[in-house]
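With the hints as extra help, turn the sequences into a complete structure.
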Amino acid sequence: EPEVTQTPSHQVTQMGQEVILRCVPISNHLYFYWYRQILGQKVEFLVSFYNNEISEKSEIFDDQFSVERPDGSNFTLKIRSTKLEDSAMYFCASSERRQGNSPLHFGNGTRLTVT
Amino acid sequence: QQPVQSPQAVILREGEDAVINCSSSKALYSVHWYRQKHGEAPVFLMILLKGGEQKGHDKISASFNEKKQQSSLYLTASQLSYSGTYFCGTENSGGGADGLTFGKGTHLIIQP
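These protein sequence lines are chains Z and U, in that order. Sequence positions in the first sequence follow the working numbering and run -10 to 104. Sequence positions in the second sequence follow the working numbering and run 372 to 483.
Please note: incorrect hints may appear among the correct ones.
[As the list claims (entries may be wrong)] Some chain Z residues judged to face chain U by a derived CB distance under 8 Å, without partners named:
#: 1; residue: Gly5
#: 2; residue: Tyr22
#: 3; residue: Lys31
#: 4; residue: Val32
#: 5; residue: Ser37
#: 6; residue: Glu45
#: 7; residue: Gln53
#: 8; residue: Phe54
#: 9; residue: Ala77
#: 10; residue: Asn90
#: 11; residue: Pro92
#: 12; residue: Leu93
#: 13; residue: Phe95
#: 14; residue: Asn97
Since the hints were made in silico from the structure, they are not lab data. Note that CB positions come from ideal geometry on N, CA and C, so glycine has one too.
If you want it as structure tokens, here you go:
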């Protein structure tokens, strides 16, 4: 069964550094998302991406964050000038249709640790 | 606004039933249910789109009362594999591209 893949599985970075989290969504999916989950807490929506542009973003997704689909397969989340509170599990997800009526397929996540 | 899930945690013996509730203060377009095991990604269980809709998947089913803005997940004759954290994710009426808003989760522990 096709799956969403994320790399790296674990990223450790120093405060103030930039990180790029990478995702390969399921190939025939059109909608892509980033969510994050602080340890032991709920899953929080960051951003949705469709037709090569951001379609929706949450309050969390401020100027520190950006997303890109640099080629036909990868979907990246860039976090500039990381802060301690950015430490979390970041999940990429994709869906065939907009997520209201289509299942989200999550990747296994990237655990980001900011020291 | 995030949906409210209840209970926060449930401990059951194998074979017992459980109900997990999810309610919203805003009108809902859809409700998703996901299960997450420790250290893993959330896994899709089901989507409910219409008022009064009920769906089933093996021994897991769910209902969606659009009028009451709530959904319930029913797990019958629970198995050890049902252990995990269950999240409901809601999308508000009006569609668009709103991201899902997840509840805080319900921790389900199934004991042999």
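Verification of the hints:
Against a cut-off of 8 Å between C-beta atoms, the interface hint on Gly5/Z is violated, since the closest Cβ of chain U lies about 28 Å away. Interface restraint check for Tyr22/Z: the shortest CB-CB distance to chain U comes to about 7 Å, inside 8 Å, so the restraint holds. For the restraint placing Lys31/Z at the interface with chain U, the shortest Cβ-Cβ distance is roughly 5 Å, inside the 8 Å limit, so the hint holds. Against a cut-off of 8 Å between C-beta atoms, the interface hint on Val32/Z holds, since the closest Cβ of chain U lies about 5 Å away.
Interface restraint check: Ser37/Z against chain U, minimum CB-CB distance 5 Å, threshold 8 Å, status holds. Given the 8 Å rule on beta carbons, the hint for Glu45/Z holds: about 4 Å separates it from the nearest Cβ of chain U. Nearest Cβ of chain U to the Cβ of Gln53/Z: about 18 Å, over the 8 Å cut. The hint is violated. At a threshold of 8 Å, the smallest CB-CB gap from Phe54/Z to chain U is about 14 Å, leaving the interface hint violated.
For Ala77/Z, the interface hint is violated, the least distance from its beta-carbon to any beta-carbon of chain U being 14 Å, above 8 Å. This hint holds: Asn90/Z has a C-beta 6 Å from the nearest C-beta of chain U, less than the 8 Å allowed. For Pro92/Z, the interface hint holds, the least distance from its beta-carbon to any beta-carbon of chain U being 4 Å, beneath 8 Å. The interface hint given for Leu93/Z holds, since its Cβ lies 6 Å from the closest Cβ of chain U, which is under the 8 Å cut-off.
Contact between Phe95/Z and chain U, as hinted, is supported at the beta carbon level, the nearest pair being about 4 Å apart and thus within 8 Å. A least Cβ separation of about 5 Å between Asn97/Z and chain U falls short of the 8 Å threshold, and the interface hint therefore holds.
Hints 1, 7, 8 and 9 from the earlier list are contradicted by this structure; the remaining hints agree with it.
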